[in-house]
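> The lines below spell out each chain.
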Amino acid sequence: MNEIMAIWAQWLKPSAGLPTVQWSILLALAAAAGHLVQRYLGLPKVLGYSVVGAFAGLAGFTGAVWPLQGIGLFLVELGVAVVLFEAGGRIPLRWFRHNPMVLVQSLLESFGTLALVFWVLRLLDVPQAVAEPLALVTMAASPAVLMRVVMDTRASGPMTERAMVLSTLSTLYALTLVSAQAGLMDRPHIGMMDTLYPIAVVLGLSVVVGGILALALRSALRVMSPNSENTSILLLALIAVGTALAAHFGGSAPLAALLGGMLLKHLNPRPWAWPRQLGTASSLLTMLMFVLVSVVAAQADWNKSVVTLVLALVAARALAKILGVAFGNAGSGASWKQALWVGCAMSPMSSIALLLVSQFVAASPSQGPMIAGIALPAILLMEMLGAVIATVAIHRAGESSKPWAPVLLGSTLGDGHES
Amino acid sequence: MSLEPFQQSAALSLGVELELQLVNTHDYDLAPYAEDMLRMMAKYKLPGAVVPEMTSSMIEISTGVCRSSSEVLGQLSQIRDALVKCADKLNIAVVGGGTHPFQQWHERRIYDKPRFRELSDLYGYLSKQFTIFGQHVHVGCPDADSALLTLHRMSRYIPHFIALSASSPYVQGQDTAFDSARLNSVFAFPLSGRAPFALTWDEFTVYFNKMTKTGVVRSMKDFYWDIRPKPEFGTIEIRVFDTPLTVERAAALSAYVQSLASWFMNEQPFMPAEDDYLVYTYNRFQACRFGLDAVYVDPATGEHMALREHILLTMHQINKHAEAVSASSSLKVLRGDINRNHNDARWLRERQGQERLLAEVIRQAAGRFRGSAPQS
Numbered sequence: 012m013n014e015i016m017a018i019w020a021q022w023l024k025p026s027a028g029l030p031t032v033q034w035s036i037l038l039a040l041a042a043a044a045g046h047l048v049q050r051y052l053g054l055p056k057v058l059g060y061s062v063v064g065a066f067a068g069l070a071g072f073t074g075a076v077w078p079l080q081g082i083g084l085f086l087v088e089l090g091v092a093v094v095l096f097e098a099g100g101r102i103p104l105r106w107f108r109h110n111p112m113v114l115v116q117s118l119l120e121s122f123g124t125l126a127l128v129f130w131v132l133r134l135l136d137v138p139q140a141v142a143e144p145l146a147l148v149t150m151a152a153s154p155a156v157l158m159r160v161v162m163d164t165r166a167s168g169p170m171t172e173r174a175m176v177l178s179t180l181s182t183l184y185a186l187t188l189v190s191a192q193a194g195l196m197d198r199p200h201i202g203m204m205d206t207l208y209p210i211a212v213v214l215g216l217s218v219v220v221g222g223i224l225a226l227a228l229r230s231a232l233r234v235m236s237p238n239s240e241n242t243s244i245l246l247l248a249l250i251a252v253g254t255a256l257a258a259h260f261g262g263s264a265p266l267a268a269l270l271g272g273m274l275l276k277h278l279n280p281r282p283w284a285w286p287r288q289l290g291t292a293s294s295l296l297t298m299l300m301f302v303l304v305s306v307v308a309a310q311a312d313w314n315k316s317v318v319t320l321v322l323a324l325v326a327a328r329a330l331a332k333i334l335g336v337a338f339g340n341a342g343s344g345a346s347w348k349q350a351l352w353v354g355c356a357m358s359p360m361s362s363i364a365l366l367l368v369s370q371f372v373a374a375s376p377s378q379g380p381m382i383a384g385i386a387l388p389a390i391l392l393m394e395m396l397g398a399v400i401a402t403v404a405i406h407r408a409g410e411s412s413k414p415w416a417p418v419l420l421g422s423t424l425g426d427g428h429e430s
Numbered sequence: 179m180s181l182e183p184f185q186q187s188a189a190l191s192l193g194v195e196l197e198l199q200l201v202n203t204h205d206y207d208l209a210p211y212a213e214d215m216l217r218m219m220a221k222y223k224l225p226g227a228v229v230p231e232m233t234s235s236m237i238e239i240s241t242g243v244c245r246s247s248s249e250v251l252g253q254l255s256q257i258r259d260a261l262v263k264c265a266d267k268l269n270i271a272v273v274g275g276g277t278h279p280f281q282q283w284h285e286r287r288i289y290d291k292p293r294f295r296e297l298s299d300l301y302g303y304l305s306k307q308f309t310i311f312g313q314h315v316h317v318g319c320p321d322a323d324s325a326l327l328t329l330h331r332m333s334r335y336i337p338h339f340i341a342l343s344a345s346s347p348y349v350q351g352q353d354t355a356f357d358s359a360r361l362n363s364v365f366a367f368p369l370s371g372r373a374p375f376a377l378t379w380d381e382f383t384v385y386f387n388k389m390t391k392t393g394v395v396r397s398m399k400d401f402y403w404d405i406r407p408k409p410e411f412g413t414i415e416i417r418v419f420d421t422p423l424t425v426e427r428a429a430a431l432s433a434y435v436q437s438l439a440s441w442f443m444n445e446q447p448f449m450p451a452e453d454d455y456l457v458y459t460y461n462r463f464q465a466c467r468f469g470l471d472a473v474y475v476d477p478a479t480g481e482h483m484a485l486r487e488h489i490l491l492t493m494h495q496i497n498k499h500a501e502a503v504s505a506s507s508s509l510k511v512l513r514g515d516i517n518r519n520h521n522d523a524r525w526l527r528e529r530q531g532q533e534r535l536l537a538e539v540i541r542q543a544a545g546r547f548r549g550s551a552p553q554s
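Chains as they are written, first to last, in the working numbering: chain A, 12 to 430; chain B, 179 to 554.
The reader is advised that the hints may include incorrect statements.
Between beta-carbon pairs, the in silico distance windows are [said to hold, decoys possible]: (1) Q282(B) <-> L295(A): 45 to 53 Å; (2) R233(A) <-> K221(B): 35 to 43 Å; (3) L369(B) <-> P111(A): 33 to 41 Å; (4) R229(A) <-> G545(B): 17 to 25 Å; (5) G545(B) <-> A248(A): 45 to 53 Å; (6) V395(B) <-> P111(A): 47 to 55 Å; (7) F338(A) <-> K263(B): 23 to 31 Å; (8) Q282(B) <-> V219(A): 22 to 30 Å; (9) R534(B) <-> P111(A): 34 to 42 Å; (10) A126(A) <-> A220(B): 34 to 42 Å; (11) I244(A) <-> K263(B): 36 to 44 Å; (12) R105(A) <-> R245(B): 35 to 43 Å.
List time: in silico DSS-like cross-link candidates among lysine-lysine, alpha-carbon distance up to 25 Å [claimed, not checked]: (13) K413(A) <-> K306(B); (14) K348(A) <-> K498(B); (15) K291(B) <-> K306(B); (16) K221(B) <-> K348(A); (17) K510(B) <-> K498(B); (18) K223(B) <-> K291(B); (19) K291(B) <-> K413(A); (20) K348(A) <-> K399(B); (21) K306(B) <-> K221(B); (22) K221(B) <-> K263(B); (23) K267(B) <-> K348(A); (24) K221(B) <-> K291(B).
Honestly, the hints are just simulated from the structure, not real lab data.
In this text, all values refer to a predicted model and were calculated from it rather than measured experimentally.
Backbone N, C-alpha and C fix where the C-beta goes; we use that ideal spot for every residue, glycine too.
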C-alpha cells in the first residue's frame, strides 16, 4: 500500500496535501461500508466504519501513527469530548437522589470489572504493572459506540437509557483513575497521598474546565435558542477550546467535557434540543474517530499469547459488567431481564479506551508498549463485536423502533432510511 | 356476542380515567416506559387502577367508584403522587395534555397486549396516531333507560366539555389552530362520533344486535363514541375530554358532569330529540377549533351565542344541584377560568409564546402535573 502511495504522491499534488486525499477516500469508503452493513446485514453502521479502518490499518495505512499525537490525537479527543459532553448531559444528578441504586449499580460493575480483569490477567502471569493499567482501561464502556447504535436502531427505553448512563459513569471513573495513574507510572510509590493527590488534581482541573464550559453555555442559552444552528456551532467550538486547554492545564479533556455536560444539565434543567441540530458535523467527527481508532488498533501485533490474553480479558470484562449490573439491580427500578441486556450493551470499547492506553504509553516507555500490545487488539475486537452485541441487546430488550430487517437475512422490510 | 345486562350502580356516582404521557427528562419526547411504570406502581396500595394503553409511552389511571368530585380528587392525587415517585425513580416525567406537542407518531410502539396488537392489525397507522390522551368520566345511572336518556341529554353539553378541557393545540410540532386537535384523531375511527338515538335499553339492544350481526362489532369496546353506555359498570362514559394538565382540573370537570347529571335525573329539564344532533357536529367542531371562544348553536331554539356564555348560563342553572353534590367550589374554579377566558390550551400557547421551545413547555407541564409549577 505504501508503494502505491509513494507512486501516487509523485504525480499528484493536491492543494490540501496527500493525507487529506487519503483520509477523504478512507472516510468515503467508511461511509459507504457503514450504509451497506446496516442495509444488508441489519448491523450498526459503526461496524462498517471499524472494518474499513481495520483493513486500512492492517494494509499499512500511514495516515495515523501510534502512539497518537498531534492532529490525530486532537481529533480523537475532540470526538470523544463531543460524545461525552452529550452523554454527561443525559445524567441529571437529581436522579441519583431518587434512585441511589443506579449509582451502586455503576460502582459495582465498574470496580467489579477492575477487580476481575486484574485477577484474571494476574492469573495468566501478566505483570502487575501491566495488569493494573489494563484493568483500569477495561472499566470504561463506550458511550460513543452505544450512542451510534442507539441512533442506528432508533432505540429508546429504560434499558437503553440505563446502559448509556452506566457507560458514561464507568468512563468517568476510568478517565479519572487512568489520568492519575498515568502520572504515577514509572515512579516509586511513597504512600496513599501519592495516589490520591493526582486524582484530586485531574478531577479538580477537569471540574474547573468543565464548569467554565457549562457556565459559558448556560450564559449563551439565556439569549440563544438551543434549536439554533449557531448554538450548535458555538457548542462545538467551546468544546474544542476546552479540549485543547484541559490537557494543557493538567486535567483531562474528555473528563472536562463529560463533567461540563453533567454540570450544564444540573445548572440548566431545560430540555436538550441541540443534539439533533449537531447533525452531520458531529456524525462526521465521530465517524472519523471510529476509523482512526480502528486504523491505529489494527497496527497491533497479533500472536497466540496475545489472542489468549485478549480473549481472557474480554470474557472477564463481559462477565464482570453483567454480574455488576445484576448485583446492583435490586431496588433500582429495572427488571432482571433488563439488567442482563444492560450488562451486554456495555460491552463496546472504543475511542475512550484508546485514549486511556495512549496516556499510559506516553507516560511509561517501559510498560506502555506491553499495555498497548494487549489493549489495542482488545479495543479493535470490542469496537466491532461490542457494537453487534449492543445491537442484539437493544433488539432483545424490545427497545428498537426499527425492525431488524437486513436484506441479506431474507426480509424485504428494510426501508434503507438513514437516521 | 349479545349485549350484557346493565348493572346496578348508585345514581350520580363518579369514576374518572386519565390517559397520561410518559416523557424522558432529556429532550422531553415520549418515552416507552409503560411496562416499567406498571411494574413499579404494582407495589403501591392505591385506589382504582393503573393499566397500559395502546402505545408504550402511555399509561391510564382510574379512580374507584366515588361519591363526589372531592373524593375523585383525593384518589387521583394519591395515584398521581405514586406515579411521580415511580417516574422520579426511572428518571422520566408524567404529563397531562391531550397530545404530546412534537412526538412523531411513526416512532411509537404498540404495547404488547393481544387486544392492542389486534387493533393495530386492523387500524394500521391509525393505532399509532391514537397516541392521544383523554379523560373519561363515568357517571352512575339508576337504570339502563335513564342511562340512555342522560346520555342524549348530556350530548348537548359535549362542546362545553371540549372547551373546558381542551389541552391539545399542538400536533407534530405545529400549532394546529385548534384548542383540541385530539378529537380530530378520534374521528378517523369508523365507529366514532355520536351514539345512535335510542332512548330505551330495548331499542339500544336491537341496534347492538344488528351491529353484531354485521360482524363489524363484537362488544361495546368497539364503539369509540363521544358518550357511550357502559353496561358492566351501570354508567354512561363521557369520552370527549382532553386530559387536563392537573388532576385538580380533572376532578373539577367531573364535578361539572355530576352536577349536570343531577339536574337531568332530578328535574328532567328537557327531552332529547334526534334533531338535537343536527347541530351536534357543528358545535363540536366549534369547540375543538375555538375552545371557549366558540359559537354555540342551541339545538332546541337554533339560537347562536358564545359558548362561554352558554357554559356560564348552565352553571347558573345547575347551581342548586352542584351544591347538593358538593361540587360548588369546583364549579367556582371553572367559572373563574371561563371569566378570564383561560383553559389548558391557552396555557400551553402562552408558555410556547414565552419559551419558543415545545420541549420546555412539556417540562413545565410536567411540573404542573406534579403540582410544582405556576398555574398560569
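> What hint numbers does the structure not satisfy?
When the structure is compared with the hints, numbers 1, 3, 5, 8, 14, 20 and 21 turn out to be violated.
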